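*Asks:* Read off the chains here:
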Amino acid sequence: MSLQIISIILGSLTLASALMVVLSKHPVRSVIYLVITFFLITSMYIMMNAQFLAVVNMIVYAGAIMVLFLFVLMLLNLNKEVEPMATRGSQLAAFIAGGSLFLVLITALKDALILGQSYRENHSQIGLVKELGNLLFSKYIVAFELTSILFIAAMVGAILLAKRENQIIE
Amino acid sequence: MAKDLTLLLIIALPLIGFAINGLFGKKLPKTLVGGLATGVVFAAFILATTLFSGLHGTQIVKLFNIIDFEQLRINASFQIDALSVWMTLIITGIGSLIHLFSMGYMSHDEGYHKFFTYLNLFIFSMLLLVLGSNYFVLFFGWEGVGMCSYLLISFHYNDAEKGLANSLAGRKAFIMNRIGDVGLLLALFMLLGQFHTLEFLQIGKALEANPALQGGALFLITLSLFIAATGKSAQIPLFTWLPDAMAGPTPVSALIHAATMVTAGIYLTVRSNFLFELAPATKDIILYVGLATTLIAAFMALRQNDIKKVLAYSTVSQLGLMFVALGFGAYTVALFHVTTHAFFKALLFLGSGSVIHGMHEEQDIRKMGGLAKLMPITHFTFLIGTMAIAGIPFLSGFFSKDEIMAQALHHNPVVYGVLVLAVSMTAIYMFRLYFLTFQGQFRGGAALQSKVHESGLSMTLPLMVLALLSVFGGLLNLPGLFIKSTAHWFDHYLSHGTFGLSSVHNAHLDFSTAMGLMLFASAIAIGVMIWAYLNYAKKGATAKADEALSGWEQLSAQKLYVDEIYHALFVKPLLALSDFTGKVLDIQLLRNGVYALADGILNTANLTRKWQTGFLSSYLFWMVFGLIIFVAYYILKLSVWH
Amino acid sequence: MQAATSIGTSLDFYLFVSFALFTIGAIGAMTRKNMIVLLMCIELMLNAVNLMLVTFSTYYNNGDAQIFVFFTMVVAAAEATVGLSIIIMAYRNLKSIDIDMYNKLKN
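Chains as they are written, first to last, in the working numbering: chain H, 1 to 170; chain P, 1 to 642; chain S, 1 to 107.
These aren't lab readings, by the way, just hints derived from the structure by calculation. Note that the structure is predicted; figures quoted are calculated from it, not measured. Quick reminder that beta carbons are idealized off the backbone N, C-alpha and C, glycines included. Do not rely on the hints blindly, as some may be mistaken.
To be verified - A short, non-exhaustive set of chain S residues, derived as facing chain P with CB atoms under 10 Å: (1) Ala-26; (2) Ala-29; (3) Thr-31; (4) Arg-32; (5) Met-73; (6) Ile-86; (7) Met-89; (8) Arg-92; (9) Asp-100; (10) Asn-103; (11) Lys-106.
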């Protein structure tokens with residue numbers, strides 16, 4: 001019972017902070033709120049006993065990616081800029097589209113038949129590192145290796161794109 | 001030599017002459033070109049006589065398969081029987097004489113080798129036509145002679161003053177022939193549909209076994225065949241090309257438009273006798289069309305002033321006479337007249353060619369006269385030809401015409417009366433032509449008179465040979481009134497040698513009727529000759545000038561305005577239609593229509609282009625929109641629409 | 001939903017959160033003009049999907065979905081890197097990160 005209440009609180013807090021990400025006017029504040037959102041999502045992962053993913057989520061998303069965002073914001077000194085608001089018409093269109101999307105998704109949820117059993121917290125064994133590791137290194141080994149290539153490509157691309165024209169990299 | 005080899009050689013020889021003259025003719029000397037062309041045709045004639053002497057029944061020589069499916073087999077095969085061999089003899093015999101004549105007549109012409117090339121090609125096509133054993137080879141030859149006729153009529157297309165007229169005449173001949181060819185094609189398709197074969201023998205035997213096979217279909221088939229014959233043999237309504245075709249050189253007129261091509265229609269009908277015997281309605285049509293043609297053409301010839309035009313209308317009229325005989329079912333009689341007509345008409349045309357050559361290309365008889373002393377051989381042979389065609393007793397034309405009149409009297413005395421009228425008119429215009437050309441005083445001026453001369457041997461020799469044939473040709477088919485033993489030789493030869501003809505019997509009159517007929521015909525011919533002599537052979541007699549013509553004479557001279565009627569009825573609407581299509585339909589409908597289509601597409605593209613706003617937010621909006629559509633579709637599919 | 005019991009939170013709650021997060025991210029992506037905030041909204045959408053995948057993996061006791069999440073994070077990291085470098089380069093060209101200034105592909 002208490003776990004249910006915790007889940008509900010966590011869920012609403014997540015939604016609130018996500019709303020702040022979208023609505024806040026300062027880009028840096030949006031970044032902070034996004035970090036908070038990631039924390040809350042991680043906590044939901046922990047509720048579902050997906051331990052490995054929770055940790056990876058924290059390290060990768062909140063730790064690396066958000067820091068990168070902040071760096072770029074600071075580098076380009078965009079903190080002081082005030083961006084113009086979208087026109088009323090496009091805002092309306094965006095809200096309607098988003099709202100319809102939400103409705104459609106909820107409708108899909110309504111009549112769906114869940115064939116699995118309800119889980120018991122702290123009893124699911126899937127999220128443990130050992131199980132995931134087994135799966136990762138047996139069934140998905142090829143994809144795992146290919147991600148290394150993906151990273152190399154991303155790194156090379158990022159460096160090439162961002163360097164100045166007349167700079168030589170030592 | 002084996003018969004099939006002989007046959008193939010007969011067909012191949014003119015083709016070889018055509019190839020050699022066509023490819024190398026320009027470089028070879030003139031005598032060699034002419035000699036080669038004449039030689040191959042004459043050699044074919046000799047070979048044909050060997051075939052003729054060894055003739056025995058019907059023999060088919062197959063060369064190769066053209067079409068070889070289960071349902072349809074057409075072979076390039078040829079037939080040796082009495083009819084085809086006889087036609088071959090006529091074609092190659094008279095053909096070689098005309099080739100010999102052309103060696104002299106065309107000697108000053110620049111396109112000498114071209115002329116002989118075309119002549120050989122024509123002989124080849126005509127031989128294909130008569131020697132084929134099925135309708136397909138016949139059709140092949142049919143088209144070939146049509147094309148050669150076109151090439152030869154418009155031979156002098158480069159002539160400074162008459163070049164355009166020559167080309168137009170050739171075009172007219174070709175187009176009218178094509179209209180007839182539609183009939184032949186239709187008949188071919190219908191024959192294929194009914195009998196699944198085009199071989200003469202097979203169709204004949206199928207009909208023999210089952211004569212009540214198809215009634216209405218046979219009427220259509222024979223009618224289509226007759227339409228084809230109308231085009232080729234210049235009957236009403238497709239006859240106006242023949243007088244125009246006189247624009248070609250005279251040997252062409254002699255060969256093609258007197259002796260051979262125009263008889264192709266008659267040949268086709270005789271060959272398909274088993275079809276026509278079972279379609280009496282068509283035979284009636286043939287009878288009346290032939291009758292009308294012979295009368296109207298004879299009327300038109302009465303007041304023509306060009307020597308060749310008179311002979312052209314005379315040809316149309318005589319062809320009508322042959323169709324009258326065919327209409328009565330007297331196939332052998334018609335073919336007998338074909339033979340004798342080939343003799344004297346070729347003689348007359350060649351004679352006129354000699355006259356034109358001697359008169360230095362003058363063709364108007366009002367400028368001739370008194371040529372009897374200036375061109376004796378031509379005069380004498382021309383006289384024989386005239387007497388033959390008019391029906392002077394004991395010449396060849398007398399016997400053949402008499403047979404046709406006898407058939408007419410036996411079947412339908414009214415037709416006989418009309419034929420008497422036509423025959424009288426024939427005699428009138430022919431003797432008018434003879435007397436105005438050769439007797440009386442020379443009307444062409446003194447300068448020309450000194451230049452007129454008799455033609456050389458190469459031109460007079462064929463004239464003499466043909467004159468002999470015109471005199472003695474009647475012996476082929478004597479009526480048997482007095483001499484019973486060799487009577488009706490040609491009838492027997494043909495009917496026993498050709499499929500289907502043995503069951504057809506010509507009417508035979510009794511002695512007194514036949515005798516009376518012959519006397520009456522002789523009286524007409526001799527009477528007209530005397531009247532014409534009195535009228536035209538006087539010293540100052542001449543044909544009336546154009547302005548002095550009375551009503552009916554004007555009609556005759558203007559050919560009953562048939563050409564003008566055809567022009568107004570057919571040519572003008574067609575030209576108007578093509579004008580309309582070219583200016584209105586093509587430009588308005590097609591060009592503007594295509595432009596409008598292109599413009600429409602352009603405008604739609606311009607509208608659609610506005611979708612690319614360049615703003616990311618709108619793109620994202622449309623992506624979400626698409627996503628909604630997808631998910632909604634699947635929800636509905638799974639829940640509502642089961 | 002039919003198979004839920006009273007023990008533990010049912011599935012649809014987390015799914016509901018995931019859908020809502022996704023929608024908020026979509027609206028943010030369509031509305032905001034700042035390129036960096038745009039990228040952040042895209043990261044939000046990706047996380048919403050991750051959440052849903054983990055939910056399903058827990059409920060069906062299937063590890064494949066969590067591996068998928070792992071790879072999704074990998075790709076998101078790479079994409080964020082490259083995206084930010086592009087933003088830097090774009091800023092150098094036009095001195096602005098307003099997304100509406102980049103409409104050269106118009107029409």
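*Asks:* Now tell me, hint by hint, if it's right for this structure.
*Replies:* The hints, checked one at a time:
1. Ala-26: Since chain P brings a Cβ to about 6 Å from Ala-26(S), closer than 10 Å, the hint holds.
2. Ala-29: holds (5 Å)
3. Thr-31: At about 7 Å, which falls below the 10 Å cut-off, the nearest Cβ of chain P leaves the hint on Thr-31(S) intact, so it holds.
4. Arg-32: For Arg-32(S), the interface hint holds, since the closest Cβ of chain P sits about 8 Å away, which is under 10 Å.
5. Met-73: violated (22 Å)
6. Ile-86: Hint violated; Ile-86(S) Cβ to chain P Cβ min 13 Å, cut 10 Å.
7. Met-89: violated (16 Å)
8. Arg-92: violated (19 Å)
9. Asp-100: holds (6 Å)
10. Asn-103: holds (3 Å)
11. Lys-106: With a closest approach of 3 Å, the Lys-106(S) hint holds.
Violated hints for the displayed structure, listed by number in ascending order: 5, 6, 7, 8.
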